[in-house]
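Q: Sequence:
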Amino acid sequence: MLLRLLQFLKSSHLLYGFKENYSCVHAVYTGKEVLNYFNKQHSAVNLAALDISKAFDKVNHVILFNKLFDRGIPVDLVKVLVCWYGKCTTAVRWNEGTS
Numbered sequence: 002m003l004l005r006l007l008q009f010l011k012s013s014h015l016l017y018g019f020k021e022n023y024s025c026v027h028a029v030y031t032g033k034e035v036l037n038y039f040n041k042q043h044s045a046v047n048l049a050a051l052d053i054s055k056a057f058d059k060v061n062h063v064i065l066f067n068k069l070f071d072r073g074i075p076v077d078l079v080k081v082l083v084c085w086y087g088k089c090t091t092a093v094r095w096n097e098g099t100s
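Quick note: the sequence shown uses my numbering, first residue 2, plus one each step.
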């Protein structure tokens with residue numbers, strides 16, 4: 002069962018978040034090396050960074066989970082996601098206050 006679930010958890014080698022042996026440090030290093038390479042070639046360099054940390058908050062989770070079911074993602078894996086996102090909370094602490 003675990004092996005069947007793992008096939009749905011693969012991601013591109015170019016993605017660094019939430020992966021064993023990868024971190025933001027790797028992403029920054031890769032970006033820096035790309036910039037250095039093109040600078041050495043005296044080429045124009047354009048770099049864009051996109052923070053999509055809030056993007057998932059705007060997704061209708063019911064529709065998303067139904068699409069996962071429709072695409073054949075195992076029920077147990079979708080149940081785990083439903084449980085995780087059903088219990089998420091966010092708070093911001095600034096000095097002595099918490100929102």
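Check before you lean on any hint, since a few could be wrong.
[Claimed, not checked] In silico BS3-like pairs for lysine-lysine, Cα to Cα no more than 30 angstroms straight-line:
#1 20 x 33
#2 33 x 80
#3 20 x 88
#4 88 x 41
#5 41 x 80
#6 41 x 59
#7 59 x 80
Quick caveat, the hints were computed from the structure, so don't treat them as lab data.
Q: Run every hint past the structure and note whether it holds.
A: Hint check:
1. In summary, the hint linking residue 20 to residue 33 is supported, as the alpha carbons are separated by about 20 angstroms, within the 30 angstroms threshold.
2. This hinted pair does not check out: residue 33 and residue 80 have alpha carbons roughly 39 angstroms apart, beyond 30 angstroms.
3. Distance check on the hinted pair: residue 20 and residue 88 sit about 22 angstroms apart at the alpha-carbon level, within 30 angstroms; holds.
4. For the suggested pair residue 88 and residue 41, the alpha carbons sit about 49 angstroms apart, so the restraint of at most 30 angstroms is broken.
5. A C-alpha spacing of about 50 angstroms is found between residue 41 and residue 80, which places the hinted pair above 30 angstroms, so the restraint is violated.
6. Distance check on the hinted pair: residue 41 and residue 59 sit about 41 angstroms apart at the alpha-carbon level, beyond 30 angstroms; violated.
7. Taking the CA atoms of residue 59 and residue 80, the gap is near 20 angstroms; set against the 30 angstroms cutoff, the hint holds.
Hints 2, 4, 5, 6 from the earlier list are contradicted by this structure; the remaining hints agree with it.
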